[in-house]
Amino acid sequence: LDKKLGGFHNSDLIIIAGRPSMGKTTLVMNMAEHAAISSRKPVLVFSMEMPADSLAMRMMSSLGRIDQHNIRTGKLDDDDWPRVTSAVHMLSEAPLFIDDTPGLSPAEMRARARRLAKEHGQLGLIVVDYLQLMKVPGFKAENRTAEISEISRSLKSLAKELGVPVVALSQLNRSLEQRQDKRPVMSDLRESGAIEQDADIICFIYRDEVYHEDSPDKGMAEIIIAKQRNGPIGKVKVTFLGRYTRFENLSTTYQEGVH
1 LDKKLGGFHN
11 SDLIIIAGRP
21 SMGKTTLVMN
31 MAEHAAISSR
41 KPVLVFSMEM
51 PADSLAMRMM
61 SSLGRIDQHN
71 IRTGKLDDDD
81 WPRVTSAVHM
91 LSEAPLFIDD
101 TPGLSPAEMR
111 ARARRLAKEH
121 GQLGLIVVDY
131 LQLMKVPGFK
141 AENRTAEISE
151 ISRSLKSLAK
161 ELGVPVVALS
171 QLNRSLEQRQ
181 DKRPVMSDLR
191 ESGAIEQDAD
201 IICFIYRDEV
211 YHEDSPDKGM
221 AEIIIAKQRN
231 GPIGKVKVTF
241 LGRYTRFENL
251 STTYQEGVH
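The numbers in the numbering used here rise by one with no breaks, and the one at position 192 of the sequence shown is 192.
To be clear, the hints were calculated from the coordinates, so they are not data collected in a lab.
Some hints here could point you the wrong way.
Derived DMTMM-like pairs (lysine to aspartate or glutamate); straight-line CA-CA distance at most 25 Å [claimed, not checked]:
1. Lys-160 to Glu-196
2. Lys-118 to Asp-77
3. Lys-227 to Glu-147
4. Lys-41 to Asp-67
5. Lys-160 to Asp-214
6. Lys-237 to Asp-200
7. Lys-227 to Glu-150
8. Lys-135 to Glu-161
Could you build all of it, start to finish, from the sequences and the hints given here?
Put into structure tokens, the structure is as follows:
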């Protein structure tokens with residue numbers, strides 16, 4: 001996926017969208033972990049849906065390859081403990097900041113991001129989970145499309161102002177559930193016009209097994225690159241390890257088979 005996208009560029013607005021249970025938060029937190037640990041630049045995650053401690057557990061599961069159920073219940077096997085220690089060490093060293101304030105406005109988000117950049121230096125990545133949970137003061141419910149346009153524009157201007165990639169998660173319209181092929185397309189983006197226009201990259205996540213129990217693609221996900229301002233569109237297949245809340249590259253032999 002990184003190869004196909006050529007990495008994220010400063011000032012890019014990247015939208016990652018999917019229906020519930022597809023793994024949007026998992027994918028974006030894998031990106032946040034990687035950016036914070038490998039680049040050592042501060043990563044700021046605005047998590048308006050999930051509390052910070054839940055995200056921390058997910059990251060421990062992903063980094064330590066420990067079943068997340070074991071972490072949540074505290075029922076850890078003997079061989080889990082060294083992995084927990086290693087994951088906790090990695091996370092404590094990583095400049096990763098989680099803000100789980102619900103319903104932030106674009107102005108509040110900008111102020112918090114600016115403050116973090118002032119205190120810790122140039123940010124490496126900003127994550128917003130998810131776009132539709134943001135609120136713009138003064139907008140009424142019937143003006144939802146206009147409000148989403150304002151949010152989308154503000155996220156793009158935040159990326160430009162701070163010179164940092166902003167990855168925002170987005171919901172998709174429920175209407176795609178009525179189609180036979182449930183792979184998302186651009187028109188499925190909820191209140192989509194402005195999002196489609198403002199984003200530099202739009203990726204959809206699709207896991208066939210969510211809809212078909214007997215899917216031959218069990219344990220796999222398709223990342224569909226539907227828009228890329230400076231690169232190709234297309235599809236990348238990856239492995240989805242749900243119990244570790246983790247996406248990984250497919251094994252090389254399998255990958256050769258799908259391309």
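Checked hints:
no.: 1; hint: Lys-160 to Glu-196; verdict: holds, 17 Å
no.: 2; hint: Lys-118 to Asp-77; verdict: violated, 42 Å
no.: 3; hint: Lys-227 to Glu-147; verdict: holds, 22 Å
no.: 4; hint: Lys-41 to Asp-67; verdict: violated, 28 Å
no.: 5; hint: Lys-160 to Asp-214; verdict: violated, 45 Å
no.: 6; hint: Lys-237 to Asp-200; verdict: holds, 21 Å
no.: 7; hint: Lys-227 to Glu-150; verdict: holds, 20 Å
no.: 8; hint: Lys-135 to Glu-161; verdict: holds, 20 Å
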